[in-house]
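If you read the sequences in order, they're chains A and B. First residue of the first sequence? That's 542 in the numbering used here, and the numbers climb one at a time after it. First residue of the second sequence? That's 43 in the numbering used here, and the numbers climb one at a time after it.
There's no promise every hint is true.
Under 7 Å between C-beta atoms, here's a sample of chain A residues computed to sit facing chain B [claimed, not checked]:
#1 S556
#2 E570
#3 D572
#4 V577
#5 R579
#6 G582
#7 R584
#8 A586
Okay, derived cross-link-like pairs now, DSBU-like style, lysine-lysine, Cα gap no bigger than 35 Å in a straight line [stated by the list, open to error]:
#9 B/K556 with A/K567
#10 A/K545 with B/K567
#11 B/K183 with A/K583
#12 B/K185 with A/K616
#13 B/K530 with B/K565
#14 A/K608 with B/K566
#15 A/K583 with B/K90
#16 B/K181 with A/K616
#17 B/K130 with B/K90
#18 B/K70 with B/K403
#19 A/K608 with B/K181
#20 B/K183 with B/K149
#21 B/K298 with A/K583
#22 B/K567 with A/K567
#23 B/K566 with A/K616
#24 A/K583 with B/K567
#25 A/K640 with B/K566
#26 B/K409 with B/K291
#27 A/K608 with B/K409
#28 B/K70 with B/K530
No lab work stands behind these hints, which were simulated from the structure alone. Beta carbons: idealized from backbone N, C-alpha and C, even for Gly.
These are the residues of each chain, in order.
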Amino acid sequence: MEIKKTAVAGTLESSDCMVTIEPSAKGLELDLESAVIRQYGKRIAEVAMETLGRLGVENARVSIVDKGALDCTIKARVECAVMRSAEYEGRIGWGGVIK
Amino acid sequence: MINAVGRDIPEEILEITGKEPFQGNFYKDDKSIVMRGPTIRPVMNNEKSKLVADIREALVKCDAHDGMTVSFHHHFRDGDLIVNMVMKEIHDMGLKDITICATSLGKAHDPLVPMIEDGTITGIESSGVRGKIGEAISKGKLKGLAVMRSHGGRVRALATGEAHVDIAFIGAPTADDYGNLRGIGGKADCGVLSYAIVDGNHADHCVAITDCLVPYPNFPAHISQTKVDYVCVVDEIGIPSKIATGAAKPTTDQRKLLMAQYCTDVVVNTPWFKDGFSYQTGVGGASIASTQYLAEIMRERNIHMGFGVGGLTKAMCQLLDDGMARVMLDVQDFDLDAVRNLKNVNHHRIPAGVYANPLNKGAVVNKLDYVVLASLEVDVHFNCNVVVGSDGMITGAQGGHPDTAQGAKCAIVICPLLQGRIPAICTDVTTVTTPGESIDVVVTDYGVAVNPARQDILQALKEADCVPLKTIEELRDIAYSIVGEPEKVEFEDRVVGIIEARDGTIIDVVRQSKEIPEPVVYKKKASKRKSNG
Chain A
542 MEIKKTAVAG
552 TLESSDCMVT
562 IEPSAKGLEL
572 DLESAVIRQY
582 GKRIAEVAME
592 TLGRLGVENA
602 RVSIVDKGAL
612 DCTIKARVEC
622 AVMRSAEYEG
632 RIGWGGVIK
Chain B
43 MINAVGRDIP
53 EEILEITGKE
63 PFQGNFYKDD
73 KSIVMRGPTI
83 RPVMNNEKSK
93 LVADIREALV
103 KCDAHDGMTV
113 SFHHHFRDGD
123 LIVNMVMKEI
133 HDMGLKDITI
143 CATSLGKAHD
153 PLVPMIEDGT
163 ITGIESSGVR
173 GKIGEAISKG
183 KLKGLAVMRS
193 HGGRVRALAT
203 GEAHVDIAFI
213 GAPTADDYGN
223 LRGIGGKADC
233 GVLSYAIVDG
243 NHADHCVAIT
253 DCLVPYPNFP
263 AHISQTKVDY
273 VCVVDEIGIP
283 SKIATGAAKP
293 TTDQRKLLMA
303 QYCTDVVVNT
313 PWFKDGFSYQ
323 TGVGGASIAS
333 TQYLAEIMRE
343 RNIHMGFGVG
353 GLTKAMCQLL
363 DDGMARVMLD
373 VQDFDLDAVR
383 NLKNVNHHRI
393 PAGVYANPLN
403 KGAVVNKLDY
413 VVLASLEVDV
423 HFNCNVVVGS
433 DGMITGAQGG
443 HPDTAQGAKC
453 AIVICPLLQG
463 RIPAICTDVT
473 TVTTPGESID
483 VVVTDYGVAV
493 NPARQDILQA
503 LKEADCVPLK
513 TIEELRDIAY
523 SIVGEPEKVE
533 FEDRVVGIIE
543 ARDGTIIDVV
553 RQSKEIPEPV
563 VYKKKASKRK
573 SNG
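All chains, full assembly: derive it from the sequences and hints.
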C-alpha cells in the first residue's frame with residue numbers, strides 16, 4: 542500500500558494514541574513516544590509494525606504518541622491513518638486486510 | 043542479602059546505613075530498645091525573648107551549619123509555604139550538605155530541585171515524595187540516599203536516635219511569643235500538629251513559624267513552650283485552599299462505587315463488624331463512598347463505631363456528629379470540615395507516635411479492626427507498593443500504610459485492576475513498601491482476593507456469598523489478558539533510596555531509573571522488489 546500523503550488518526554486522550562503517517566522512500570521508520578514506554582514500548586512497536594506489514598506498507602515515516610492505548614486501539618489507529626494517507630477512504634477492504 | 047519479602051538488599055547498603063534487612067513484621071516485638079533524647083539549651087533567664095526578626099536570625103541562633111539536618115511537617119499539604127521559605131534562606135546563607143527530614147514532601151516543594159542539583163540538599167528523609175523531587179531522586183540527582191519511612195517509622199527513627207534533627211521548623215497556625223503552638227485559630231488552620239510533636243520532643247533546636255501571633259498563653263497548646271527555642275512571625279505560612287486538598291466530592295465513577303460496595307460487603311461480613319468496632323479509611327473516592335455505604339448498614343443494624351482514627355475527612359466526622367461513632371482520633375485533617383469538627387468533644391488530637399510508632403508500648407493502630415487503604419500496585423504475594431510508580435519513578439508516600447496495615451485485624455486494599463494500561467495487580471511490585479503479611483483483602487473492580495494466610499476471612503466471605511471471590515493470581519491473569527504482560531522496567535545499578543520497614547529494617551531499595559530518550563526509533567528496510575505504485 543502506498544503512502545501518498547500525510548495523515549493522522551487518533552487523539553491524545555488517555556488510553557488512546559495519535560498516529561501520524563508521512564510518505565518516505567527509505568523503508569519503515571517508527572518514532573514512538575509513550576506514557577508506558579518502559580513497560581509496553583516493545584509491544585506497541587511490534588503491534589504497529591505488524592499492522593503496517595499486514596497492510597503492505599513498506600515505505601513510510603510513522604510517529605505514534607501513545608497515552609496507554611491497548612493493542613486493539615493501536616491497531617485500529619494505525620489502520621485508519623494508513624487508509625487516510627493512501628487515499629483509501631470509501632473503498633476499505635473490510636474483511637480483507639482489515640479484520 | 044535476600045530479605046523476608048524476597049528483595050535483594052545490597053551488602054553495601056546494609057554497611058553504609060548500619061541497618062538490617064527486613065525479617066518479618068514482629069522481628070522487634072518485645073525486644074529491649076534504648077530511646078534517645080535531644081541536646082537542648084534550657085531557658086532559665088526570664089528576660090530572654092524567644093521572638094526572632096526573621097528566619098535568618100533563627101538559623102544563626104540555632105547554629106545552622108553545613109551537614110545539618112532540618113525537619114518539617116506536612117500538615118499544610120499542598121498549601122505549605124514553610125519548607126521553601128526556610129530552604130531558600132539556608133540556600134542564601136550558602137550552607138551545603140543539608141538533610142531534610144520531613145514527614146512528607148509534595149508538589150508544593152518542586153522549587154527544592156535546584157537546591158538538590160547544586161548540593162545544598164544532599165539527603166532526604168520523608169514518608170515519600172511527590173512531584174519533581176521524586177523525579178530528581180529517581181534520576182540520581184540527590185547525592186546521598188533518600189530514606190522513606192512510614193509515619194510511625196519516622197517517630198521511631200527520631201525516638202531511637204537513628205535519625206537526628208538539628209533544627210525543627212514547625213509551622214503553627216497560631217503561636218504565642220513563648221512558643222505555645224496550636225493548629226487552629228489562625229489564618230491557615232490545619233487543625234492538628236500531630237506529625238510535628240516528635241520533632242518537638244527529639245530535635246535539638248525547635249523554631250516555630252507562624253503568621254498569627256496571639257497573646258500568651260496560647261492554650262491548650264498542641265506543642266508546648268517547653269519544646270520551642272524561637273518563634274518567628276512571617277506574612278503567610280500556608281495557602282488555606284490548598285491545605286484542604288482532600289475535600290473530595292462524592293464520586294459518581296461507577297468503577298469506584300462498585301469497589302466501595304465490595305469493600306463495605308467485606309467489612310460487614312467479617313467477624314469484627316459488631317458494636318464498638320474500630321475503623322480507618324482514606325480520602326479516595328472509593329474510600330469515602332464505602333464509608334457512606336457502611337454508615338447505612340451501621341444504622342440498619344444499630345452498630346456503633348468504637349473509634350475511628352487517621353487522617354480524617356468530612357465523611358468520618360459525620361459519623362461522630364450523628365452519634366454513629368463514639369470517638370475520633372485525629373493525626374491529620376484532609377478537609378476543612380474535619381478541622382471544624384475538632385470542636386466536638388469526642389474528636390481528639392493524637393501525636394503521630396501514639397498513632398503508629400511500632401517501637402513504643404503499643405500504638406493505636408494495634409487496636410484497629412479495619413483499615414481501608416489504596417495502593418499503586420499489589421503483587422501475587424500481597425506485597426504493596428505505594429511509593430514508586432510502575433515506571434520506576436518515585437511518586438508517592440508510605441504515609442501510615444505500613445503502620446495501619448500491620449496493626450489492623452483486617453487490612454483491606456482497594457485498587458482498580460487497571461490504571462490506564464498499567465496492571466495494578468501484578469506478579470511482582472516494582473518496590474515493596476508494605477509486606478504482604480500485613481495485607482488481608484484486595485478489592486478490585488473485577489473481584490475480591492483474600493490472602494490465603496487469612497482462611498478465617500476467606501471462610502466468612504464464602505459463607506456470606508457477598509462478593510465475587512477470586513485468587514490474587516486470577517486477578518493478575520485477568521489484568522494481563524487485557525493489557526498484556528508488562529516488560530520488566532530496567533534500572534541502573536545505583537541505589538538512590540531505601541524503603542524502611544516500620545521497625546527500621548530495610549524492606550526494599552529504589553534504584554536509579556534508566557534514561558530513555560524519546561521518541562524511540564524503530565526501523566525496517568523496504569524489501570527489494572519494487573513497491574506497487
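Hints the structure violates: just list their numbers, smallest first.
-> 12, 15, 27
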